[in-house]
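Visitor: Chains as they are written, first to last, in the numbering used here: chain G, 1 to 326; chain V, 1 to 428.
Because the hints were derived from the structure by calculation, they are not lab data.
Where a beta carbon is used, it is the ideal one built from N, C-alpha and C, also for glycine.
Worth double-checking, as some hints may not be accurate.
[As the list claims (entries may be wrong)] Simulated coverage check for chain V against chain G, where a stretch passes if three residues somewhere in it have a Cβ under 8 Å from a Cβ of chain G:
| # | segment |
| --- | --- |
| 1 | 143-154 |
| 2 | 166-174 |
[Stated by the list, open to error] Keeping only pairs whose Cα atoms sit at most 30 Å apart, straight-line, the calculated BS3-like set for lysine-lysine is:
| # | chain 1 | residue 1 | chain 2 | residue 2 |
| --- | --- | --- | --- | --- |
| 3 | V | 256 | V | 379 |
| 4 | V | 414 | V | 256 |
| 5 | V | 143 | G | 314 |
| 6 | V | 153 | G | 252 |
| 7 | V | 417 | G | 252 |
| 8 | G | 218 | G | 309 |
| 9 | V | 216 | V | 21 |
| 10 | V | 212 | V | 21 |
| 11 | G | 252 | V | 143 |
| 12 | V | 143 | G | 251 |
| 13 | G | 251 | V | 160 |
| 14 | G | 251 | V | 153 |
| 15 | V | 414 | V | 160 |
| 16 | G | 39 | G | 218 |
| 17 | V | 78 | V | 21 |
| 18 | V | 24 | V | 78 |
| 19 | G | 252 | G | 302 |
| 20 | V | 417 | V | 315 |
| 21 | V | 78 | V | 256 |
| 22 | V | 31 | V | 82 |
| 23 | G | 302 | G | 251 |
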Amino acid sequence: MATLTYRDALNQALREEMQRDPNVFLMGEEVGVYQGAYKVSRGLLEEFGPKRIVDTPIAELGFAGIGVGAAMGGLRPVIEFMTWNFAILAMDQIVNSAAKMLYMSGGQIPLPIVFRGPNGAALQLSSQHSQAWESWVSHIPGLKVVAPATPADAKGLLKSAIRDNNPVIVLEGEMLYNIKGEVPDGEHIVPIGRADIKREGSDVTLVCHSKTLSVALKAAEQLAEQNVSAEVLDLRSLRPLDEAAILESVKKTNRAVVVEEGWPHAGIGAQVVDLIQRDAFDDLDAPVQRVTQADVPMPYNKLLERAAKASPEKVAAAARRVLYLE
Amino acid sequence: MATKVHMEALSPTMEEGRLVKWTKHEGDAVKSGETLAEVETDKAVMELVARADGQLLKVMVPEGTTVPVGNVVAWIGKPGEKVDGAGSQTAGAGSQESGAGAAKPAPVPAPKPAAAPAAAPAPARTAQAPATVAAQPDATRVKASPLARRIAKDAGVDLKLVQGSGPGGRVIKRDVEAGAGQVKAVAPAPGSRLPTPSGAPYEDVPLSQIRKTIAKRLVASIGPIPHFFLTTEIDMERAAEAREALNKQLGEEGGKISFNDIIIKAVALALVQHRACNAWFQEDHIRYWNEVHIGMAVAIEDGLITPVIRNADLKSLRQIGAEARELAGRARNRRLKPEEYTGATFSVSNLGMFDIDQFTAVINPPESGIVAIGSVVPKPVADGDRLVVRRRLRVTMSCDHRVIDGATGAAYLKTLKQMLENPLAMLL
Chain G
1 MATLTYRDAL
11 NQALREEMQR
21 DPNVFLMGEE
31 VGVYQGAYKV
41 SRGLLEEFGP
51 KRIVDTPIAE
61 LGFAGIGVGA
71 AMGGLRPVIE
81 FMTWNFAILA
91 MDQIVNSAAK
101 MLYMSGGQIP
111 LPIVFRGPNG
121 AALQLSSQHS
131 QAWESWVSHI
141 PGLKVVAPAT
151 PADAKGLLKS
161 AIRDNNPVIV
171 LEGEMLYNIK
181 GEVPDGEHIV
191 PIGRADIKRE
201 GSDVTLVCHS
211 KTLSVALKAA
221 EQLAEQNVSA
231 EVLDLRSLRP
241 LDEAAILESV
251 KKTNRAVVVE
261 EGWPHAGIGA
271 QVVDLIQRDA
281 FDDLDAPVQR
291 VTQADVPMPY
301 NKLLERAAKA
311 SPEKVAAAAR
321 RVLYLE
Chain V
1 MATKVHMEAL
11 SPTMEEGRLV
21 KWTKHEGDAV
31 KSGETLAEVE
41 TDKAVMELVA
51 RADGQLLKVM
61 VPEGTTVPVG
71 NVVAWIGKPG
81 EKVDGAGSQT
91 AGAGSQESGA
101 GAAKPAPVPA
111 PKPAAAPAAA
121 PAPARTAQAP
131 ATVAAQPDAT
141 RVKASPLARR
151 IAKDAGVDLK
161 LVQGSGPGGR
171 VIKRDVEAGA
181 GQVKAVAPAP
191 GSRLPTPSGA
201 PYEDVPLSQI
211 RKTIAKRLVA
221 SIGPIPHFFL
231 TTEIDMERAA
241 EAREALNKQL
251 GEEGGKISFN
261 DIIIKAVALA
271 LVQHRACNAW
281 FQEDHIRYWN
291 EVHIGMAVAI
301 EDGLITPVIR
311 NADLKSLRQI
321 GAEARELAGR
331 ARNRRLKPEE
341 YTGATFSVSN
351 LGMFDIDQFT
361 AVINPPESGI
371 VAIGSVVPKP
381 VADGDRLVVR
391 RRLRVTMSCD
401 HRVIDGATGA
411 AYLKTLKQML
421 ENPLAMLL
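Let the sequences and hints guide you as you build the complete structure.
Guide: In structure tokens:
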């Protein structure tokens, strides 16, 4: 087992899948000569050449549309957005073309395409560049959405996404690219739609994904000091949701706190809470709590930004509330 | 700009404080760090000190008033500086106690809601306050978590009788688990061990407001433990017969059954039916024991000690007898280990062998009760319109009034009397 950064785990996944299938190609801004704004495509232009590592103009809607057309023609494009903040320009191609093609063609035209890039806030990039879009994309029937939090999950989920015959959104994170973790050697696949317990516990379930995994794990550490045993459940896939894993954990702990990077209104957590209240009603000892970004555009000011984000302290406090400890 | 003086949390658990005395008065010059007032917390009388220099411009809270932590109690500023009427929450939230400040109206103008958030640095308060909300015995709808409802249904517990400790009195899992025992304690099923789904050896019940008041007033009346005493006379004729028969059967095997053994067994079994008497008074809660451990006062040279017969309700008379003799022997030789003389939930003191007719025993804290056993003596008693001689025993129960009320103690004593007068009842 090798220790890799998240960025290198993604790079491995791309390289392995491009070696495995000549129909796979990568397209986006600065992916070739510059080797990626976050160096995810390092070395790929050299290995696969400009036909398969395609630099584009700053035209998200355009190259997303080229990707959709290529997928309709039988290729397996990977479209990199420099950030998901720019991907909203391409939303028409993602939502109206990619997500609906199989349905509207009566099942004749599958659309194997991956849209990937960093999502959510980094540090002090202000309101327009610090947005978590998972509830937007997860809202759309016809899309699959994954949000890996660790290098191993990043590699395994990107490989699954590339092999999937449907459009898959891969949400990465600028603050995740540098984290290190062990990645299994050889063929490592993480199936889409499978959550993962990152820490076992018995008193409360902390549901999280992507960057909020580290928030939840730190909260669990704090809670352990107060003799509270928190279970940390990493969703990994947001659509489809691993409903069985969520329900199984809540049935064990009787309490849940759902953490996410996005805003509260109509967020991913709302979907998780809906599932829990419906299918684990008789197992609940307290209303489920959510911890989200504050319901405001992300402030630029460092302290305000910190205050707006989900934090281990906020998660631990919410856990104490569902445990009736405060 | 004038500075607010807040009621501060002067102990880690303090939620409100009573302003006992202002040591500075309006118009006095104050320096940061100087004592402004004496405040009674949940633990002690503490000093509230100034956090700013200037003049004490306005006192918002009269002496004797209790206000939540975070409320504004005064203003410090430059002489002549105007202060607004902030701190108005003291008018509503503060409760005046009788005494010095009672006659003074709270010097507070119309409410000004805008000021409230500034004076509320303790959000935990709102979350904790409902914990003391009493159960809603007559509410048609009981607030309970879905899980609590399911557990209650499975355990056959009536949620209406369970006191909720969640927000707004919501009954939650831990309440039902504890409540299954508690409810039955109110109306005990004769002779049955209380079911304790949690399997816990005891259950802590927070002190209700009335319990707190009873505790405070009675302690003020007679020392730290407010004792009261209940005496009853018990006919021991049938217990004596049973004892003679049992000892005859035991014959030469040894280990004869004594009156003391029978009494300990009866005391323990009666406690099973009256859990309200099998309890410890703790600082802020009462610990109701689900197990019965009987302390047995033993006189030793220059003192006494109470070795403990654990789970006495579950032991046979022979076991109790053997254990009592063994413990008493080692007690006299001072060979008891600490765990052998601590942890009793209730005690028995027997001076029958000293020919004492009746006496009162002093409670061994944190237990809430002790029964004092006199001699079994033949006495003339009326049997209908005949005068007969029967062996009689006078028993006096000392009760901690903070835990046990008169009727509660009397009900226990009645059960004990019935058991001793008809020892077969112990088999039920």
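Visitor: Work down the list of hints and note, for each, if the structure agrees.
Guide: Results of checking the hints against the structure:
1. 143-154: With 6 residues close enough to chain G, the hint holds.
2. 166-174: Coverage by chain G holds for the segment 166-174 of chain V (5 residues, Cβ < 8 Å).
3. 256/V to 379/V: holds (25 Å)
4. 414/V to 256/V: holds (27 Å)
5. 143/V to 314/G: Answer holds: residue 143/V to residue 314/G is near 27 Å, not above 30 Å.
6. 153/V to 252/G: OK: residue 153/V and residue 252/G at ~19 Å, within 30 Å.
7. 417/V to 252/G: Violated, at about 48 Å.
8. 218/G to 309/G: Roughly 14 Å between the alpha carbons, so the hint for residue 218/G and residue 309/G holds.
9. 216/V to 21/V: The hint holds at about 21 Å.
10. 212/V to 21/V: OK: residue 212/V and residue 21/V at ~23 Å, within 30 Å.
11. 252/G to 143/V: Since the Cα atoms of residue 252/G and residue 143/V sit roughly 23 Å apart, the hinted pair holds (cutoff 30 Å).
12. 143/V to 251/G: holds (21 Å)
13. 251/G to 160/V: The given pair, whose Cα atoms are some 25 Å apart, holds under the 30 Å limit.
14. 251/G to 153/V: Distance ~18 Å between residue 251/G and residue 153/V Cα, so the pair holds.
15. 414/V to 160/V: It holds: about 28 Å lies between the C-alpha atoms, which stays within 30 Å.
16. 39/G to 218/G: With a Cα-Cα distance of about 28 Å, the restraint between residue 39/G and residue 218/G holds, given a limit of 30 Å.
17. 78/V to 21/V: holds (23 Å)
18. 24/V to 78/V: holds (16 Å)
19. 252/G to 302/G: violated (39 Å)
20. 417/V to 315/V: holds (20 Å)
21. 78/V to 256/V: violated (86 Å)
22. 31/V to 82/V: holds (19 Å)
23. 302/G to 251/G: violated (39 Å)
Checked against the numbered hints above, the structure violates hints 7, 19, 21 and 23; every other hint is satisfied.
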